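Given the coordinates of chain A, assemble chain B onto it according to the supplied hints.
Number of protein chains: 2
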Amino acid sequence: MKNVLNQFRDYLLEMKQYQHVSALLQWDLQTQTPENGQERLMELSDRTAARLFQYATAEEYGRMLEELSEPQQFERLDPAMQLTVRRLLREHRRLLRVPADFYNEYASARTRSGRAWEKAKRSDDFSLFAPHLDKVITLTKQYVNYMEPDADPYEVLLGLYEEGIDSETINCLFDEIKDGLRPLLAGIAAAPAPDLSALEGHYDIDAQKKVQRLLLDYIGFDFASGAVGESEHPFTTRIRFGDVRLTNHYLEDNPISAMFSAIHEGGHAIFEQGIPAELENTAAEQVDLMGLHESQSRFYENILGRKKQFWIPIYDKLGELLPQLKQVPLDTFYRAVNLVRPSMIRTEADEVTYCLHIILRYEIEQAIFRGNVSAKDLPGLWNDKMEELLGIRPQTNAEGILQDMHWSDGSFGYFPSYLLGSVYDGMFLEQLTQELGDPDQILAEGRIQEITGWLNRKIHRYGSLYNSAQVIERVCGREISAKPLLDYFRKKYSEIYQL
Amino acid sequence: MKNVLNQFRDYLLEMKQYQHVSALLQWDLQTQTPENGQERLMELSDRTAARLFQYATAEEYGRMLEELSEPQQFERLDPAMQLTVRRLLREHRRLLRVPADFYNEYASARTRSGRAWEKAKRSDDFSLFAPHLDKVITLTKQYVNYMEPDADPYEVLLGLYEEGIDSETINCLFDEIKDGLRPLLAGIAAAPAPDLSALEGHYDIDAQKKVQRLLLDYIGFDFASGAVGESEHPFTTRIRFGDVRLTNHYLEDNPISAMFSAIHEGGHAIFEQGIPAELENTAAEQVDLMGLHESQSRFYENILGRKKQFWIPIYDKLGELLPQLKQVPLDTFYRAVNLVRPSMIRTEADEVTYCLHIILRYEIEQAIFRGNVSAKDLPGLWNDKMEELLGIRPQTNAEGILQDMHWSDGSFGYFPSYLLGSVYDGMFLEQLTQELGDPDQILAEGRIQEITGWLNRKIHRYGSLYNSAQVIERVCGREISAKPLLDYFRKKYSEIYQL
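As given, the protein sequences belong to chains A and B, one line each in that order.
Per our numbering, the first sequence starts with residue 481, numbered consecutively.
Per our numbering, the second sequence starts with residue 481, numbered consecutively.
Excised from the complex, chain A in its bound form (with noise of 0.2 Å):
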């Protein structure tokens, strides 16, 4: 048992090794690399993810994977362990399904598409994506029914993104959501603006820099073990244990679009980093569970962010860096950042609306998976269903379709992920504030860090140990539900708007 144990680790560090050289490709990929060296960068990208499928299906490791997974065997396993074992061995069986030549074709597929979106993006034209896009979503179907043939491959796509939510949870929710905010944002569209005229101008993006730099310090992001970087679409990366990095980007024009997407990443990034040194080259290192994941940096960005008392402690010394701010009270600041409107970005949304661009993406991918629509009827999808929800509707593919990254890259069913995210958020927030007190108060007082620590107590040391509905389950005490959300929205525009 010892022996195989340690060989298994082994077996597992060197495939970190592999993952490691992969993260920082695609790191560096879309943070540094110039335009005529991308090429050959993808090339050792595809190389890359060609030698971690051998890894991964190589049959020594389905052998070591086999034996441990025998009950005597899985019993003496510590939980991360055992975890470990399950999910790679699953893993392990659902790869061997699909053949090689044709995962490193979808592979170099993905990271090809990646590159052509941010030029689409760029240039507000369509028509460099869409061959890309009509290539990644056959190829992501056949990916799914080789892994598994038997099952519905949205559901499939689901369960990469957030283990044990289905589409029938994740409907029910969503319709409660869609009937919940109906009266809400009727309400505050009859309701008079306010009047942000104060926060016009340009904003120094060196300057934006400086004030990312005091948000995430505030928040508690640690600079020995994370790094930052410009992109075209904010994220967040665990390059390695001991090195997570996160990127933005920066509007001249306004300067709350890159804070949010600051503290938004960096709530990502405080969750990986507050994953423990013991779980280290375990499969509960890897937190797969988007839903979980969204839901922390969701917290920081929304439910912390988007307080009144989150920027008290530091409202002085954003007036510094950027002096514009000196002639905006704090009270205007706060109605900005909560400014319930329909609008055409997902990632400059308020929170409320938020949720319908989610729904959106969420109605569309099923289209694709269970409708069978192509590329070129989705520009025209996307925007009727824009209409529909929220009312409005894009002039351009840029303010559209194109806005988002993440189909290029494959990734379908990681959309539901972000409202699942809040939904979580609001049973979270009623727990914090029963076991610690007004988070208001808190935050007043310049005492964030006793938010991040129970964060880190009740979630982010656990890695993906547990799922999201045990998390929710051993933080909260019950079953996943959307009203906590939908009370918390409520209370809280109802104030703002004086509904």
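Calculated from the structure, these hints are not laboratory results.
It is possible that part of the hints are untrue.
One copy or two, either will do: identical chains are not told apart, so a pair holds if it fits within one copy or between any two.
In the DSS-like style, the derived pairs of lysine-lysine whose C-alpha atoms are separated by at most 30 Å in a straight line are [unchecked claim]:
| id | residue 1 | residue 2 |
| --- | --- | --- |
| 1 | Lys690 | Lys599 |
| 2 | Lys963 | Lys689 |
| 3 | Lys689 | Lys856 |
| 4 | Lys690 | Lys806 |
| 5 | Lys797 | Lys689 |
| 6 | Lys690 | Lys797 |
Since the model is a prediction, treat every value here as computed from it, not as a measurement.
Same frame as chain A, now just chain B:
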């Protein structure tokens, strides 16, 4: 024949992909990896070095090299492939004499020593670095002794960085320079110093980065084939064909330092970017001729960058980015960038006393490799030699022996390249003036790209197809001589200091 050659090309491409990974790891380590991620990244780097060693010493590879170097096959190869076979066969035979375990230990010690040096420099604590330096010295001696058991170790090291130039040649050139500079420096020391107080002040680092962008664009760095980062010590690295990167560091009280580092590294990068696609994946793509390489960086930095006419087309733009410069007449700026006076830091020295900084290092390297001086005695030796050659004595090791990274990673024998580069520059300047006309006029009229074009046609486009002595012969039609450099110094500084 065709078959072996194709096999060999495939093999080179595989090695190139590992070199690509290796270059990216080094780049990341020096520009991005956070503190807590460094250990794991260094392990990965060690593994990659070990893999490359396996490639370079594989039997199969040796057989291909031997076969391709047989006369009737060799004659049919194109010049770049002939060079490749010749150079790689020599390297293969050398590395076969190095035990793999030793090689891996050596690679690992160099990476770790680099990190230790960075910390030691930052905290001005030589004791953090001394044990690493001793280890690197010992291992370098062993390494060279394995490779060439019958040769003088320091000659072997010199040959790694400038093939075909031995220490006898260097001694002649450097002695001539030492003698030639003595009266010039005495004259300058006796002349009145210019008033440069107008330049004093605080220079925003973000603004300095914008100046860097301007300078790199101006001299012809291609951002579609390159990128820029920040590190403790500026450097340039070829990541892969189409991807050449440089770094810089910035001082808040001195904008000139980063400007000239940018121009220097930009010169290296323009050389690398000028190597054509035909040479990709041959030995000619990799320019290990560091004297020749430094001749290009130093041509931009000194010969061009320290001319008044270089700045005429861009000085107004500079003032827009660094408003303090608007108060500084170009004449004052010109005097500042040509202020000749003994100083502690090589990379910030003027181009004249710079020569003595190199001679100091060259003499210390000989003390290490021929006199067996160990790390603990080096700070004292350094300081004594500073007094002897420059008449000043460092008060800290940070401004003494800790200032340069080269020895930390075992690059003994590299330093002479800088001064050899200047020697070549004196000759290139004479030749360019004969062929293109007065460079002052070319620069003043904003036609700097004609000079870059000349350097590209004469030098860059051959990569390392010819060694430095051959390049000099081809470009200037005569042997290496220090006289043109000394003439250039005398003429320029007699005018500036009215000697």
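Checked hints:
| no. | hint | result |
| --- | --- | --- |
| 1 | Lys690 with Lys599 | both (28 Å within a copy, 25 Å between copies) |
| 2 | Lys963 with Lys689 | neither (37 Å within a copy, 50 Å between copies) |
| 3 | Lys689 with Lys856 | neither (38 Å within a copy, 43 Å between copies) |
| 4 | Lys690 with Lys806 | both (16 Å within a copy, 26 Å between copies) |
| 5 | Lys797 with Lys689 | both (14 Å within a copy, 24 Å between copies) |
| 6 | Lys690 with Lys797 | both (11 Å within a copy, 25 Å between copies) |
When the structure is compared with the earlier hints, violations turn up for hints 2, 3 and for no others.
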